[in-house]
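Number of protein chains: 2
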Amino acid sequence: MEELKKKILEDGYVIGDDILKVDSFINHQIDTALLDKLGKYFSTKFSGVTKILTIEASGIAFGVGVARYYDNIPMVFAKKSKSKTVDMNNVYKTEIKSFTRGVESVVTVSKKYLNKGDNILIVDDFLAEGNASLGLVDLCKQAGANVVGVAIVIEKGFQGGRKKLEDLGIRVESAAIIDHFEDGKVVFK
Amino acid sequence: MEELKKKILEDGYVIGDDILKVDSFINHQIDTALLDKLGKYFSTKFSGVTKILTIEASGIAFGVGVARYYDNIPMVFAKKSKSKTVDMNNVYKTEIKSFTRGVESVVTVSKKYLNKGDNILIVDDFLAEGNASLGLVDLCKQAGANVVGVAIVIEKGFQGGRKKLEDLGIRVESAAIIDHFEDGKVVFK
Chain A
1067 MEELKKKILE DGYVIGDDIL KVDSFINHQI DTALLDKLGK YFSTKFSGVT
1117 KILTIEASGI AFGVGVARYY DNIPMVFAKK SKSKTVDMNN VYKTEIKSFT
1167 RGVESVVTVS KKYLNKGDNI LIVDDFLAEG NASLGLVDLC KQAGANVVGV
1217 AIVIEKGFQG GRKKLEDLGI RVESAAIIDH FEDGKVVFK
Chain B
1067 MEELKKKILE DGYVIGDDIL KVDSFINHQI DTALLDKLGK YFSTKFSGVT
1117 KILTIEASGI AFGVGVARYY DNIPMVFAKK SKSKTVDMNN VYKTEIKSFT
1167 RGVESVVTVS KKYLNKGDNI LIVDDFLAEG NASLGLVDLC KQAGANVVGV
1217 AIVIEKGFQG GRKKLEDLGI RVESAAIIDH FEDGKVVFK
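These protein sequences, in sequence, are chains A and B.
Number 1193 in the working numbering belongs to position 127 of the first sequence; there are no gaps in the numbering.
Number 1173 in the working numbering belongs to position 107 of the second sequence; there are no gaps in the numbering.
Just so you know, the hints here were simulated from the structure itself, not pulled from any lab data.
Copies of one chain are not kept apart here, so a pair can be met inside one copy or by any two copies together.
Keeping only pairs whose Cα atoms sit at most 25 Å apart, straight-line, the calculated BS3-like set for lysine-lysine is:
{"#": "1", "residue 1": "K1182", "residue 2": "K1087"}
{"#": "2", "residue 1": "K1177", "residue 2": "K1087"}
{"#": "3", "residue 1": "K1255", "residue 2": "K1072"}
{"#": "4", "residue 1": "K1178", "residue 2": "K1251"}
{"#": "5", "residue 1": "K1073", "residue 2": "K1106"}
Make a model of the complete structure from these sequences and hints.
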C-alpha cells in the first residue's frame, strides 16, 4: 500500500540492526486516517470473514479499523496479562515470545469468544519472526475456528514469519513488506 | 446512551460487590457497531478536540472509535509497560493504580505526542475511582496540553472518580452511569 510505504519512509526510523520505530503513526500515536485506509485495504483481500482476532495492545486499533469494513463484525483481542477478573479455566492459552521485548508471555482468549464456525481474520501491526501470529493461530486451532488469513500492517520480510504461516497453509497479506535495512534506511520488497 | 444501557443489562454481569464484566462487547470481544455509535455519541458532546488520549489496552478501541468522528484526528495511547524500545528520558510519566488489578503501574507517553496547544479529549472504557483518568490528566498537564474533557463508556457513579475530575474543572461525559449494584444487577443513575 503506497501511502503506508511513503509514511514509513518519511516518519519511521531504524534503531540498531533490526528495529523499526513507527511510534508517530502506528503504535503509540495512531494516524487514524491511515488506519481507516488500511482497514479498507485489508477488507478487499479476504472474504467470508466473520470475526477479527488480534492481540493487545497495538493490534487493537487495526483490529477495529478492519472490522469496520466487514460490516462491523466482532473484534476479539487476546490478552497478555492476568487480571484477577480472568477465570483461567475458561480460556485458551498459548505462549508468545515478543521480538522487541525479548520475553515470553502467556496469552489468553476466553473460550466464549472463539468458536467452531468462526471464520477468523488475524490482524496485527507487525510480522517479524511470526511468534504473535502463530500464537493466535494456535488459539484458533484450540477453538476449532477457521483461520481465513493473517493481515499485517508492516512485515519484516527477512525474519521468516511469513514462511512459518504459509507452511501451515495460511495466507498472509501485508500492507508493506520490508526487504532489508540499509544504512539505517528501510528498503521495501 | 440507551443502546449501551440495554446491552449492559443483557450481556454484562456482576462479580462480587463491585466488578462489572462486559467482556462480551467492551473489553475482550468488542461490539464494533456499538463502538462506532459511541464514537459518534461522544463527538456531539465535546467540540474543539484536536487529539484523543487513552490508555492501553481496552481504551484503544474506543479512542479509535471517537477519533473517527473528529475527522480522524490523531489518537495517542499511554503505555503501561516498559519496552526496550522506549527511551525513558523522553517520556512523561505518571503512576496509576488499577482498580480491577489492584496494582500500581508506571504509565508513559512520549513527549513528542503530547504538546502545548493540543486540545485533548481523554477517552476510557471505565471510570471508577478515577485513577486512570487522573493519571492521563497529569500527563497532559506535564505537557502543557489543554484537557477538553473526559469521555467514558461506563461510569461507576458510586466510586468518586467524577468528583475528583470535576474538582479539577474537567468536564466528564459518560455513555452509561451505574448508580449501584443490587442483588448482582446493575441499576443506572
